[in-house]
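A.B. asks: Residue-level listing of the chains:
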Amino acid sequence: MTARHADGCLVVRLREGDLDALGELYEQYHNLVFRTALAITRDEGAAEDILQEAFLRVYTYADKIDDTVPLGPWLYRVTVNLAYSWTNRLKRWWNSVQDTLDRLTLSVQPHPEAMAEEQEWRQALQQAIDALSPRHRVVIILHYLEGLSLKEISYVIDVPEGTVKSRLHYARESLRKSVLEQRRRVVPEVAYDFT
Amino acid sequence: MTLHRYIAEGQATDELDGLIQWALHESVEGAAPSTHAWERVLQDVERLAALRRARIRSIPDQVLGAAVACLARVDAFFPALAAPSVPRDECITWGDDMGWMRILDQHRQIMPLVC
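Those sequence lines, one after another, are chains A and B.
Quick note on numbering: the working numbering labels position 100 of the first sequence as 101, and the sequence is numbered without any gaps.
Quick note on numbering: the working numbering labels position 84 of the second sequence as 91, and the sequence is numbered without any gaps.
Bear in mind the hints are in silico, worked out from the structure with no lab data behind them.
Everything hinted at is true.
These stretches of chain B come out as covered by chain A in the derived footprint (C-beta under 8 Å, 3 or more residues):
| # | stretch |
| --- | --- |
| 1 | 21-32 |
| 2 | 35-43 |
| 3 | 46-53 |
Result set (SDA-like, lysine to any residue): computed pairs, CA atoms no more than 20 Å apart in a straight line:
| # | chain 1 | residue 1 | chain 2 | residue 2 |
| --- | --- | --- | --- | --- |
| 4 | A | K65 | B | R59 |
| 5 | A | K166 | B | D21 |
| 6 | A | K65 | B | A56 |
| 7 | A | K178 | B | D24 |
| 8 | A | K152 | B | D24 |
| 9 | A | K152 | A | P71 |
| 10 | A | K65 | A | Y156 |
| 11 | A | K178 | A | A132 |
Covered stretches of chain A (in silico footprint by chain B; criterion: 3 or more residues with CB under 8 Å from a CB of chain B, positions within the stretch not fixed):
| # | stretch |
| --- | --- |
| 12 | 17-24 |
| 13 | 27-39 |
| 14 | 46-52 |
| 15 | 57-70 |
| 16 | 119-132 |
| 17 | 140-151 |
All C-beta atoms, glycine included, are put in the ideal place defined by N, C-alpha and C.
Kindly generate the complete structure, drawing on both the sequences and the hints.
C.D. replies: Right, dumping it as structure tokens:
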């Protein structure tokens with residue numbers, strides 16, 4: 002028999018209707034869910050809606066959750082799926098594309114005030130990340146922000162490890178090109194390559 | 008945290024990886040759900056729990072209704088069973104209830120056929 006994980010004990014209490022157990026799980030995981038949802042959707046309101054829905058699902062599916070493993074990977078999976086659904090809704094997706102286009106247009110126009118170098122870098126990278134397709138963006142976020150391994154990402158998004166590896170490679174290459182372009186723009190004479 | 012400090016502290020082994028990590032961390036830095044988020048989760052959960060409790064309470068009636076409907080379909084001679092005219096908790100006065108009178112009447116007609 003497999004030993005029950007500490008999260009599993011809370012899940013068992015939740016199955017018995019103990020809402021304090023849900024509170025403890027919320028305390029432990031709400032930042033993880035909110036941060037991941039925010040990084041994918043880039044919208045605080047949406048991230049909060051996803052947070053609510055994710056914990057409602059913990060309650061709804063408490064009977065089906067494996068109590069022998071930590072809850073984190075399952076929650077990542079739910080969060081990513083909810084964020085995908087949010088992003089895929091046509092209107093919001095179109096708004097996001099419009100926002101990206103607006104930002105890109107803005108970035109090629111001469112800025113009236115000199116922006117701080119770091120701010121510019123962050124903005125450029127964030128735009129490049131936003132411009133990735135949702136499936137590439139999710140892999141980048143889970144790997145670089147959440148520090149998940151290829152195997153863990155494979156479980157979360159339910160695709161083979163090889164697919165995760167190729168998506169990560171593609172996304173990283175795409176970001177590398179964007180960073181190089183940014184570097185050429187900021188410092189035209191210094192345009193060395195990355196590893 | 009600044010980019011230079013991030014790289015200097017060796018939080019990433021590669022410059023590009025460092026840039027990506029830094030930009031992503033910066034994009035969510037300090038972001039947190041509102042203090043009301045948990046209250047809303049709890050409200051949703053309590054609403055769902057109440058709905059579940061109500062559903063569990065209504066199961067015996069549903070089962071009884073389904074069984075009666077099934078019996079009525081199987082035995083077309085006793086349609087009165089599907090819609091009992093007397094509330095379940097009340098005593099039946101045989102002579103006054105038209106439903107049971109109909110059943111007895113049908114029974115009287117069937118008996119010669121089966122015997």
